[in-house]
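Next come the chains, spelled out residue by residue.
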Amino acid sequence: MEKIFSHPKSLRQISTHYCAGCGHGIAHRLIAEVIDELAIREKIIAIAPVGCAVIAYDYWDFDCSEAAHGRALAVATAIKRLRPQNIVFTYQGDGDLAAIGTNETIHTANRGENISVIFINNAVYGMTGGQMAPTTLIGQKTATTPKGRDATVQGYPLKISELLAQLPAVKYIERVSLHSPQEVLKTKKAIKQAFQNQIDNVGFSLVEILSPCPTYWDLSPKAALDWIREVMVKEFPLGRIK
Amino acid sequence: MIMVEKVIIAGAGGQGIMLLGRVMAEAAMREGKFVTWLPAYGAEVRGGTAYCMVIISDSEISSPYIDEADSLIIMNEPSLAKFTSRLKNKGLLIVNTSLINKEMDDKKFHILKHPFTDKAIQLGNIRVANMVALGCYIAKNKIVATKTVLKVIEDFAPKNKKELIGINQQALLAGGEPKW
Chain A
1 MEKIFSHPKS LRQISTHYCA GCGHGIAHRL IAEVIDELAI REKIIAIAPV GCAVIAYDYW
61 DFDCSEAAHG RALAVATAIK RLRPQNIVFT YQGDGDLAAI GTNETIHTAN RGENISVIFI
121 NNAVYGMTGG QMAPTTLIGQ KTATTPKGRD ATVQGYPLKI SELLAQLPAV KYIERVSLHS
181 PQEVLKTKKA IKQAFQNQID NVGFSLVEIL SPCPTYWDLS PKAALDWIRE VMVKEFPLGR
241 IK
Chain B
243 MIMVEKVIIA GAGGQGIMLL GRVMAEAAMR EGKFVTWLPA YGAEVRGGTA YCMVIISDSE
303 ISSPYIDEAD SLIIMNEPSL AKFTSRLKNK GLLIVNTSLI NKEMDDKKFH ILKHPFTDKA
363 IQLGNIRVAN MVALGCYIAK NKIVATKTVL KVIEDFAPKN KKELIGINQQ ALLAGGEPKW
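These protein sequence lines are chains A and B, in that order.
Residue 1 is where the first sequence starts when you use the numbering used here, and the numbers rise one by one after that.
Residue 243 is where the second sequence starts when you use the numbering used here, and the numbers rise one by one after that.
Hints were generated in silico from the structure; no laboratory data involved.
A couple of the hints might just be wrong.
Claimed, not checked - Going by beta-carbon spacing under 10 Å, a handful of chain B positions derived as facing chain A:
(1) V287
(2) R288
(3) G290
(4) E319
(5) P320
(6) G333
(7) A381
Glycine included, each C-beta is placed from N, C-alpha and C at the ideal position.
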């Protein structure tokens, strides 16, 4: 009998520290599966973020680097330019990529560095206690918007993916989600595309993944998935952006 | 002789370790002592290890960091392994036996072993295990008056959580009972 499903080699067989219902576990696994399937485990270098996934390298069984908060794309640029034969990707949350790291994100994209970016969007700052993030929705209650985000005071959810799509050197941007098995499969396809683009020297590729955060959305794990499906995708539409 | 008491309080994220330390420090401050409170915790939002260092002194404290503690309050098993090496010889070791099953060196330390989590459940809310432990601690070394701590508990309760004052105070008193 043929074995058609097993634990990815690129994923360590240990329990993660993530909260019940968090999307990181799924995203980590999809990346590991893609790396196994593309047979790039020996060439891959990941740059971990600062955030709940700061110790992602404990869960992945391939080479990883740390970076200061928001500077993953600067580190990735350096690694890729010095070692173009490696496949280099960053794994960043919405604070890391679209708040403190906005500068690095825009300029790395604008230079068209041939790297892949996995952007985990959970509409809050997780590790630091659930504060408002650039991608927080209007009306969403967070630690720093206890009455709900008010556009007149805190502005609107930032569509960094749509902004980056304006840049001519950006070659691939897709927004996907983890709220159902079908969407999880689409997420895997997008991740694979972003890595394949790098292998084929296509250019800067980014996958934005809408990911549940039951703890700071104050929802059960199932209700968190429902919230993505019913509310978040209306503000952050899924699909190919570039 | 300057009185200095250095206590490390450790447990899992979510056991109320920080609050335990802050209540203790506030009570000592209200009684006219110098106090410091220094928290330490990891990246995990749920679980993980959390600990705080409380120093209570008659005179100014120059550093909030504790190399060698006089007392330890240990609420879970991983913390026992992590912190016993930081307790001085003949120091006070308070252990939550509800979650800790390990052997301890009672020649080296003065050990108080009680099921704080079980007592809290018995009282009606698992989350007050921290106050049970605090009650046990202040009954033993009398560093602050129970009356002061009871008032701090009342003052610390947020506006919308006033109904929790009672059970936290009960937990403090239960922890100080001579017999369980």
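Chain A contact restraint for B:V287 - C-beta distance below 10 Å: Nearest chain A Cβ about 6 Å off; hint holds.
Evaluation of the interface hint that places B:A381 against chain A, nearest CB under 10 Å: Violated: closest Cβ of chain A sits about 34 Å from B:A381, beyond 10 Å.
B:G290 as chain A interface residue, shortest Cβ-Cβ below 10 Å: 6 Å, holds
Given hint B:R288 near chain A, where the shortest CB pair must fall under 10 Å: Nearest chain A Cβ about 5 Å off; hint holds.
Interface hint status, B:G333 versus chain A (Cβ within 10 Å): Status violated, d = 31 Å.
Restraint satisfaction for B:P320 [CB to CB of chain A, less than 10 Å]: Check failed: Cβ of B:P320 comes no nearer than 13 Å to chain A, outside 10 Å.
Hinted contact B:E319 with chain A - closest CB pair below 10 Å: With a closest approach of 16 Å, the B:E319 hint is violated.
Hints 4, 5, 6 and 7 from the earlier list are contradicted by this structure; the remaining hints agree with it.
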